[in-house]
Amino acid sequence: MNSADEIIERFSRQQPTLDNPDLLTDSIMRNLPDRRPRTAKLSPLLLVLRVASSVAATWFIGLYIFINMPSESLPTQESYVHNNARNSDTQLCGTVKVMFAKFQVINSLNADNQRAGFSMIKFDSNAENQFISTCTQLNILRHEN
Amino acid sequence: MDSLAIDIFIRCKEGDRGAFRAVVQNYQRLVFSLSIKMLADEDEAKDIVQETFIRVWQSIDSYDVRRSFATWIYAIASRLCLDRIKSKKHTAPLPQDELALQQFASEADNERSLENREYVAIVQALTEKLSPKQRLVFTLCQLEGLSSDEVEQITGLNARQVKSNLYEARQTIREQLKNLGYE
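First to last, the protein sequences are chains A and B.
Those letters in the first sequence? Residues 1 to 145, per this note's numbering, in order.
Those letters in the second sequence? Residues 1001 to 1183, per this note's numbering, in order.
No lab work stands behind these hints, which were simulated from the structure alone.
Misleading hints may appear alongside valid ones.
Claimed, not checked - Reference listing, derived: stretches of chain B covered by chain A, where coverage requires no fewer than 3 residues with Cβ under 8 Å from a Cβ of chain A:
id, segment
1, 1032-1043
2, 1070-1082
3, 1125-1136
4, 1139-1146
5, 1156-1170
All of these numbers come straight from a predicted model, not from anything done at the bench.
The beta-carbon is built from N, C-alpha and C at its ideal position, and this holds for glycine as well.
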């Protein structure tokens, strides 16, 4: 009787046979899918740049929206300008006060036609009174709109 | 690897189906041999051959022509066989499997080639108690005659793991044969 190891060794020398190898080859070749083109690997630097540019773009869009958002505190600013112009320090000349007031109003108003209206103010000694009346007028016009 | 083989693999990488056909013709016996020993089922072995070559075709770009193609394709086929073993229900050997083994063990004619039907029955009877990993290591080392280094590359196991799995597998098979009256 053969020992266990002899049987294992003898079996190891046996090999299965593949019937009709051509048939199997044909079947494999028929079932081959189309090759998908390899997608190029993105470099880590490119990935970082992508993320950074996305964050920056989002931030800029947010900033743009924030800047152009209609200010709810506009009437308060206008009244501040009005009061500021009226009660300002007497040492400042009228022109400076008007420029300061104009700066405040231009900052708070975003309509181009309103800015154009302010550019008509003359910076002479009577400018303070003119400016105050213009502001008041604008304030009224704005509330009417 | 000779320059002709390298040229064939380069053409395969470029999508040349004619070149790939030559690869299939050359290596399908190897994959079939491994699969039938692992799965003890001829039809399933042919399925694995198909799946293996489809995988090879899809991932040939990742094949490094400086490495052994046989080792690479063995690794793909081994993984597919292990997946198949894990997914299918365990089948106990049939009485005729043990009969085929007894017949083979008692045969005086050592040179007779076994038919696939007999071969499958004996593999089933011999390896039914092995774990999938032991079966893979036993098949590669003992039945395919690969070196320990090659088995390490194919299976991803280290030398100690290969050695211990092979030892365990041999012991289990010896026990199996002992139960059938062969010591």
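- Query: Going back to the hint list, which numbers does this structure go against?
  - Reply: Hint check: 2, 3 and 5 fail, others pass.
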